[in-house]
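Engineer: Okay, here's what each chain looks like letter by letter:
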Amino acid sequence: MLEGVPILSVIILLPLIGSLITFSLGKREEWAKWVALGFSLVALVLSLVVAFAFMASPDTTATGYHNGYQFYEEYSWIETLGVSFTVGVDGISLPMFVLTTLLCTLSIVFSWDTKRRPKEYFGLILVLEVGVLGVFVALDYFMFYVFWEIVLIPMYFMIGVWGGPNKNYAAIKFFIYTHVASLAMLIAIMAMYFEAGVGSFSMAAIAAESVNFSRGVQVGIFAALFFGFGVKLPMVPFHTWLPDAHVEAPTAGSVLLAGLLLKMGGYGLIRVAIPSLPSGAEDMVPVMAVIAVASILYGAMLCLAQKDLKKMVAYSSISHMGFVLLGFATLTQLGVVAGVFQMFAHGLVTAVLFMMCGVVQHKCGTRMIPSLGGLAKKMPIVATLMTVGFLASLGLPGLVSFAAEFMVFAAMFDKWALWLFVPILSVAITAAYYLWALQRSMFGPLTDKIDTSHLKDVNWYEGLPVAILIALIALFGVFPALIFSRIGPAVEIILRLFGGG
Amino acid sequence: MAVWNQLEALIPQLVLIAFALLMPALDYLFKDKRLLAFVALVPLIGVACAVVAWLFGGYWEPPTADTSGLLEINLFTGLFMLVFLSVGIVVVLSSPEFIRKDRNQGEYYSLILLAITGMTVVAEATDLIALFVGLEIAGISSFALSGFRKGESRSAEAATKYFIVGGFSSAFTLFAISLFYGVSGTTDIYAMGPLLEGMFDSFEGSDKVVLLATVLLLAGLGFKIAAVPFHMWAPDVYEGAPTPVSGLLAAASKKMGFAALFKIFLVGILVVKADWEVAVALIAIVTMTVGNLIAVSQTNIKRMLAYSSIAQAGYILIALPVGTQYAVAGAMFHILTHAFMKSGAFMVVAGMASCAIGEKLDDFKGLAKRSPFLAISMTLFLFSLAGIPPLAGFASKFVLFSSAVYGSIDPGPSWLLWLAVAGVLNSALSLYYYARVIKYMYMEKGASEERVKVPPMTTVAILFALAMTVLLGIYFDAVVDLCMQASELFSGLPPGL
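Keeping their order, the protein sequence lines are chains A and B. Take the first sequence: its position 164, counted from the start at 1, is 164 in the numbering used here, and no numbers get skipped. Take the second sequence: its position 43, counted from the start at 1, is 43 in the numbering used here, and no numbers get skipped.
Just so you know, the hints here were simulated from the structure itself, not pulled from any lab data. Errors might be hidden in some of the hints.
Derived Cβ-Cβ restraints for the label pairs, each shown as a range [to be verified]: (1) A:E74 x B:S178: 28 to 38 Å; (2) B:P372 x A:A53: 38 to 48 Å; (3) B:K445 x A:E74: 28 to 38 Å; (4) B:A478 x A:S485: 38 to 48 Å; (5) B:F373 x A:L13: 51 to 61 Å; (6) B:F373 x A:P397: 53 to 63 Å; (7) A:T63 x B:F373: 18 to 28 Å; (8) A:L48 x B:P372: 33 to 43 Å; (9) B:D410 x A:V211: 14 to 24 Å; (10) B:F30 x A:G26: 48 to 58 Å; (11) A:T63 x B:D410: 33 to 43 Å; (12) B:S491 x A:N166: 31 to 41 Å.
Just so it is clear, CB atoms sit at the ideal spot from N, CA and C, and this is done for glycine as well.
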């Protein structure tokens, strides 16, 4: 059915065309959301087509199959430098790819009542979608970097124009902090390109040479890449841009930032750094593991201290993305699969959390936990959705995060045995801050600090995206194998480099 | 026909000079002075089309060798001509509105054409004397252009300052040339290297003289490209000169200095590279860092762009110590893209002036509401200057910085890597002040919300620069390929890719 159709390129192009149309709507501002929704919806449907047509155990003779990648396309771009436009998906990129089209579409729905500069707002969401999609399917370093950087610009504007009171500081901090990290990655890419000396920026061609680099070179390049991706992840101690950006960003901005942009960091590690530089990765395992555990625990403890609901959710991302890094640090089949799965799970769960924070802000005019209380009486559906979101995030069995985090812990136990007791403390802390926050904001006596007389329950455009996400959280919580079966073979290919894995 | 043969390489200059001489006369004929701009565009566009047809179409070949031995048209020349002519086109297009109330408009265009003539002579020169003549033609025309609004004290101050500094620069350069001539006995750039080397063995102390000459030359040309510590004049002159002229100085005049630097340092005195490479590398790092650091604190957009130009000169200087053909290609590519993005940015400022908006950074507040076109153009020019993909500035910085990375691997020395590191760190630093302008335009409220109308010719100029900035970022294969071919003319250098 899909033979000969350059479907990945089409999916990347759709939001781009959509954004150009949205920007040039002129006075017809109220059309912006419809155009944006239309284009993102088509992209979502096409990405689902890709997901269903994706073969868990690929037929290596099928058209579009190339070295483990499916729907492979390659066009020459800048021949002089060996740059090509190469895209393809494997089991690692597929969940991220579908997550992107899904979260972008849901963010557009969630922002349905945006009144301030709607053309620019919806146009920028689409530009961001182009960038993130490009990152997840790029198989050429130059292209990867270009898409990686494109993502920064719409996010900078989203925080800076539609953000909260301290938006200017947060926008510029986000922009420069992550740009510096990207530049470290760029230097590392250049070093790999020239060390390999194959005259091509193709990831596969460079990886074929780079696995043979001397140990010292590998560690050096890996460290630069690790910094570049780690800031995005974010890992302690390079996480300080994240709470600022999240607190100031509009809800859709936060959803995309936490749901997608953070995943780019994890994706970069497993797509670029680990398979290209296996000896470097092996030598850096202690560093990765320590930083991962530090992020998990420190992020969770910071959450306990937060008064702002959204800031708490932001810090919880640091903790949960630490699990991704911990999974990768084990360099075992189970751990890496779990890390990738945790990225997908966190994308779904954190989107729910940020949307619910947005709803609370929207309804009550504040997100400060001490000012809230007893909202369940006025807004039962909001309280229900929020409870489910929090429970999902703290790892309730049967929901998606449990499967991911359990597997990370299992992989860690397998490798480092009793050291597991250190990160596992976070389970208790996580449960504590979520339940405590829930108790103070949703339950108990109704607050008298804000005017609650006009509070209405959730709107359709805010409730629907959350409901869809919760349905998916439950689905993949019960049937994680739907995704495992696809991630597994791709991870196996990577881990062959580590002698058995 | 012997005379004609000698003049073949001068045809572009002859066309430009003919029109330059015509302009003051036409000033008397035309009631509507805007027509002058259209006449001035004729030679610029004509020669530019011829160059494009040659470089990208291969429709004709220029005469390969000039019998006089002073000038030569080759790919290197062609690319630099393209830079100078494109900037000339952008500047002339946005001038008529800017100077509509001024007198002596004929002379204005005449001087622009002469300045560009001088630059093209530098690009063609194969001899130090011809090169110096070109520098002077361009220099003297630019001094007069910066003082074009002689009634304005800022403009007069700029011209005076520029003139005095320019005088020093010429003196240093000429002295250096005389020393090179004294040691080697030739002013031919291509013949000089081996002759110098021969003298080192037979004549004790000659290497000291060459070292002195190199330092003097670095100072003389350092003024031209506004490298730290010879940069003090640039912000004052760019601020005081009429804005289109500032664009010409930043985007074209400076590039002439680089054409001269590459010819002399990478051909003429390449034999003594070991003597100057560390010094030039340090100057490159200091130039980019100082330029960016001071740009952060500027409140006037023209001064900010001036300091950003200084920083960009630092990036381009990387190519000299790296000293591979690939590095030269990267530098030429960056010179080309910088010409478009920087002249574009200056023309946005000129366009704002035509709409009676000032030059302070505060005047950018709320520009997105007043003129979405100016705001989005400025945003793209600034992002491109900061090196954000997929814009031209990223593409050229990518080639330039990667040449330093490769240079550190092969042929070495490994400290060249620090040039790339300094380059990317500075790019990140520069993002801070570029993003601030963008923040003002989109995220803050201005004093006025009145819509402004940009004059049509300025719009065309900005659109042209914008189109090149975007296109060269998305698809630059053909241009990089040409730059690589042109860099092969530096046959003494290792290929580096």
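Engineer: With reference to the structure, classify each hint as holding or not holding.
Structural biologist: Hint by hint, here is what the structure shows:
{"no.": "1", "hint": "A:E74 x B:S178: 28 to 38 Å", "result": "violated (58 Å)"}
{"no.": "2", "hint": "B:P372 x A:A53: 38 to 48 Å", "result": "holds (42 Å)"}
{"no.": "3", "hint": "B:K445 x A:E74: 28 to 38 Å", "result": "violated (48 Å)"}
{"no.": "4", "hint": "B:A478 x A:S485: 38 to 48 Å", "result": "holds (46 Å)"}
{"no.": "5", "hint": "B:F373 x A:L13: 51 to 61 Å", "result": "violated (25 Å)"}
{"no.": "6", "hint": "B:F373 x A:P397: 53 to 63 Å", "result": "holds (57 Å)"}
{"no.": "7", "hint": "A:T63 x B:F373: 18 to 28 Å", "result": "violated (45 Å)"}
{"no.": "8", "hint": "A:L48 x B:P372: 33 to 43 Å", "result": "holds (36 Å)"}
{"no.": "9", "hint": "B:D410 x A:V211: 14 to 24 Å", "result": "holds (20 Å)"}
{"no.": "10", "hint": "B:F30 x A:G26: 48 to 58 Å", "result": "violated (38 Å)"}
{"no.": "11", "hint": "A:T63 x B:D410: 33 to 43 Å", "result": "holds (40 Å)"}
{"no.": "12", "hint": "B:S491 x A:N166: 31 to 41 Å", "result": "violated (57 Å)"}
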